[in-house]
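K.L.:
Sequence:
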Amino acid sequence: MSIPNRLSHSFNQSPFPTPTSREPASSSSLAILSGTRIRAARRNKWEKMTDVLSVIQKDFDSLGDFLEHLFHHAARGNDPRSKRHTSMISTFLQGSSATHIGTIIDLIYRHRQSNPPKGSADSEFAYSPTIPLGDIRHARPCLSAWAARVIGNRVYKEVGELTKNDPLDPADRTQLRATRSGRSQSSVLQVTWEDLGKFSIPALAAKYQRRAPLAWYLAESMAAPQKNGKVIVRLRRPHITIAVGAISAFVLARNRFANYLALNIGVWQFACKAHVDEKRILSRFGYAVHDTTVWECLNSLSDSSLKALRNSVAEGVAQGTLTWKFVLDNVQRWDAQREHRLGRQDQLRIGTAATAIKLEDCAPGAFNLEPYLENVMKMERQHLSTTSLFDSIDWFGDYEVRSLHFVRVLVGGPPELESYQKEVSKLFRGEGIAKHRMREGRKTTVQPLGTNAEKEVETQGMMRAILDFEKQMGLDEKALEGKIVMPGGDGASFAAILRIKKYMAAHPGDYKAFRGRVSVPELWHTRATNLNSVAENHYGPIASMDPSALSKSAAAANTKRLSNLKKCDFYPTACSLMLFFEARVLDCWRIYFETDDLFEHIKKLKEEDKIPKLEELRDIARVLVKRYASQEAYEQALSAQESEDATETMKVPKGTPWTAPIQATANSNVDQPSNHVEDCPEEDLEEDAAHQENAHGEPGPTTIPTMGGADRGVDGGADEGMDGGADGGADGGDRGADGKEDESKKKIHVEEKGFDGDRVLANAILFLQDAGWWIEASYAVSEGDIGRVYEIVKIWIFSFTGTSNWNYSNWLLELYCLLRYEASKDMSNGILNNWLVNLTGELGKWIEADLMQEHYNRWLEDMAEKSGRDFDDKFYRHTLSPNVNHFLRIKEEIESAFGVAHRSKAHGSTHLRDEFQSLLRMHKEDQLHCFRSKRSMGHAAVNTFNRGYERLDEGRLKTFLKQSLSYAQVLKDMKSSNSGDSRSDDATSTGHTEESEDNNSHDHTEDADHGDHEEDADDESEQYRPTPDQQIATGTHHAMYIDEESGTMVIDSDGGENDSSSEEEEEEGDIGYASCSGHSDNGE
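Mapping of the sequence shown onto UniProt numbering: residues 1 to 1084, in sequence order.
The set of hints was computed from the structure by calculation and includes no laboratory data. There could be a bad hint or two in this list.
[What the hints assert, rightly or not] List time: in silico DSBU-like cross-link candidates among lysine-lysine, alpha-carbon distance up to 35 Å:
#, residue 1, residue 2
1, Lys230, Lys207
2, Lys358, Lys443
3, Lys654, Lys610
4, Lys164, Lys307
5, Lys654, Lys626
[Unchecked claim] Distance ranges between label pairs, derived from CB positions:
#, residue 1, residue 2, range
6, Ser221, Ser782, 50 to 56 Å
7, Ser425, Asp619, 16 to 22 Å
8, Gly229, Ala901, 27 to 33 Å
9, Val233, Ser782, 35 to 41 Å
10, Arg173, Ser120, 26 to 32 Å
11, Lys198, Ala147, 33 to 39 Å
12, His340, Glu374, 58 to 64 Å
13, Ser221, Phe285, 20 to 26 Å
14, Ser425, Lys307, 41 to 47 Å
15, Ser828, Pro167, 52 to 58 Å
16, Lys58, Pro167, 53 to 59 Å
Backbone N, C-alpha and C define an ideal beta-carbon position, used for all residues, glycine too.
All chains, please: the whole structure from these sequences, using the hints.
P.N.:
The structure is reproduced here in structure tokens:
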């Protein structure tokens, strides 16, 4: 009886109901009844599930009701759940159990019963962010709708975090303001060019992945193609860039100050001159900020850049030195009015732009003013002579470097010599060739300044422009006390600065007298002017048959015809000049190797393994330079006897006997079109020449040459018509009303009676010499070898003196005197070390400072060509100009950031093989570099170097010194007056007087232009004023001073209101120092 009671009690305690159906007694039941204890049979999981579900069905309304209570989220302190309930749920939800929540959710979502049938309402509610979850019956669409809302909320939060600076990165500058108002907090970050320069797509992608992983995952999932579950990165439109752009636009939409991408793109669009409609649309997309914001941003960038410049200048001043210079140039734009009204007409807007350049590699105190002024007052430049100037040139170095250029041309031709090219490049930078190279890897720091509307070629305009630029740099009278600042520019700018110093020479204050402004003529305009001279000298008549004339080479190579030889287009002319030079050098090599085809000859030597060593080629090149590009070779070519008696090194191979197709005499009317090569067919000229021979069958005496004055074989004549005034040219009679060369008035050169030389060969020799110097200067500039450049500059002093560009002769003489006599060694090195700029820091990327300014000016003029504003308008002065250097750079930075390959800025041809072959064939047929006695074809180039030497030696140098030393004399007298020393009653201004040791007086000197002067005893003013003769000596016929309020120069004279009268007066006769009044930097 006890066993059934225990069994009954046991069954009553079981949580599972007992079966109600009657079944036959099993063996286990029998065992129990018989008194044996038997275990219940083990149930599987599905049987247990049936039992559990039966209890749930009995005790709960539904499975959902049970799950709701199972996952009940009770408030703290009021939890009805048992400890077992809480423990089991915590274990499950925290992932401690074997089966975690992810498995359950996936089972529910993928269960076939969770998916609604097609066409039902629930099938349309999947991923719905708006339908209440209670209205979605099926599990799968309900779960997707719930997940979409959770993801949306999370993404919203992540993008919101991206609008703020990264708290884990102190350097993060997410919130950059284009401008900052007075109400903004001081902690608000304002954009700088440094911030814009850090823009990088990969860096932004990494930041988004770290700070907004879900947003990045969604963007990448939408943008990236996949294959076999792996993301594919395309080349043309990589998904990373697309995702960065999308997220950046989302962030900008949430916060307009979060400029990950939009501000960079906005500034880039401005630099690219994108159309305003494009800007507006992209702004709406969130890819770029509005154009107004870009303008505000540029104004802020200008403020920050100029502030950094002033801080840097102030640091140098505090240390007692100046660490910046600036280069300036004129800017101009033609404003054409579409509708003419009162007060609206077409006009040329003129202004001045400048760029500050940080000085590098300067010794402390290099630009102190006092030592410089002391050297000026010593007047040591009076010892300069033509011979000493000539001897200062390193002629051996010039010979070596030009011979190396001959080797460079050769190894750049036949492909078999290509292996020598790198070695030749190293030789240009090595010992024996290099002279004063800039420090390798140096990158020049520059900061463009705000433009103004001053005319810098005018004296007062230049003065106001300089004072304005100095003010922008933070240079006032106190900062410049005892210091030198170097404003650079083209020839006209250099001349204007000299005029200011000359006019203000008598002012006692160094600042107001501009004594601390020491300028040098910049190099690109000097090269460009010399290029014009070479082209004008060697081009010849437009249709010349003379093979030495560049016009025939241009016709053979089909290059651009130079329409104005006085002022050529730089780049086409330079390319043509280098092409013609290299073709003629290769022809010289061909003649030396005694072959008809140089390329085939080199190829054959390569096959036979007989290619000369590089040093052998250099030895041959030295011979070729002496033979075909030297003064000795030129003189030799003009005489058959000298050519016959020449040494083996100098001997030029003879060509076939010359039969002149054209002969002209002095009896011919050279002004008639019938005698012009360019106007007459060849047969007419031959027929006309047949009637012009004298009884002995030889040509008559010399007529006036094409270029005016020459040397041996060409009548140099006097200097009539070449007065060195503002126009500086002698060929004004050969120019039409439009300023272009009048080809109809060019004359045919006819040799003197008995001439037996080879004029064509002599012309070719002069061209290889003159063009070789120009090419050497160009290569030396790009290499940053300022020492080699300066050697060519000294040579060009003679060359310019031998042409009509006398202004540049004077300006380069002034430069030479500065570096040789007046600047200390440290100052000279400082000037040379900062004469060129390198904006990239890369080898071979050095350029002239004025060329850099020309590039900036082109962008200034091009970016606002239709603005209708003056150059002192805020848009030009504050928005554009101080940022122009970054406009050139940001386009490349954006391209790099987006992984776009840089577009080449070059527009050159891919090769010039056909042009070279045509020229080489022509030179061989014409025997250009062979001696052919009596050969002359109507064109005679001028030996400008030799003629320049003669002109300097015959009085030009003396005149220059007389004019330039007068400034030093006035300065010396003024300094003596200010220091209380007595001035000489009869001091002269010629600069050739000697200083007395006992009374510090000067000898009396009689001069036609400068008389004696006496001290004005009645002058009680503290300001020293020059006597009338000193005014004449310096070219100042009026007392001049700076108005304290306006800062402009005032002329104290009989009714004089500006300096135009004095400029007009100095156009006549002021050849030397005072001739710098021209308004053109090339003497026109």
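K.L.:
Determine for every hint whether it applies to the structure shown.
P.N.:
These are the hints, each one checked on the structure:
1. For a cut-off of 35 Å, the pair hint linking lysine 230 to lysine 207 stands: about 22 Å separates their Cα positions.
2. Distance check on the hinted pair: lysine 358 and lysine 443 sit about 10 Å apart at the alpha-carbon level, within 35 Å; holds.
3. At roughly 27 Å between alpha-carbon atoms, lysine 654 and lysine 610 fall within 35 Å of each other, so this suggested pair holds.
4. A threshold of 35 Å between alpha carbons decides the hint, and for lysine 164 with lysine 307 the separation of about 28 Å falls inside it, so the pair holds.
5. Proposed proximity of lysine 654 and lysine 626 is supported: the alpha carbons are some 17 Å apart, at most 35 Å.
6. Serine 221 and serine 782 have their C-beta atoms about 51 Å apart, which keeps the hinted 50 to 56 Å range intact.
7. A beta carbon spacing of about 19 Å between serine 425 and aspartate 619 agrees with the range 16 to 22 Å that was offered as a hint.
8. Roughly 31 Å separates the CB atoms of glycine 229 and alanine 901, a value that falls within the hinted 27 to 33 Å.
9. Range check, valine 233 to serine 782: Cβ separation about 39 Å, and the 35 to 41 Å hint holds.
10. Restraint check, arginine 173 to serine 120: a C-beta distance of roughly 53 Å breaks the suggested window 26 to 32 Å.
11. Range check, lysine 198 to alanine 147: Cβ separation about 37 Å, and the 33 to 39 Å hint holds.
12. For the pair histidine 340 and glutamate 374, the supplied restraint of 58 to 64 Å holds, since their beta-carbon distance comes to about 59 Å.
13. Taking the beta carbon of each, serine 221 and phenylalanine 285 are about 21 Å apart, inside 20 to 26 Å as hinted.
14. Serine 425 and lysine 307 have their C-beta atoms about 42 Å apart, which keeps the hinted 41 to 47 Å range intact.
15. Checked against the hint of 52 to 58 Å, the C-beta distance between serine 828 and proline 167 comes to roughly 55 Å, which is consistent with it.
16. At about 56 Å, the beta-carbon gap between lysine 58 and proline 167 stays in the expected band of 53 to 59 Å.
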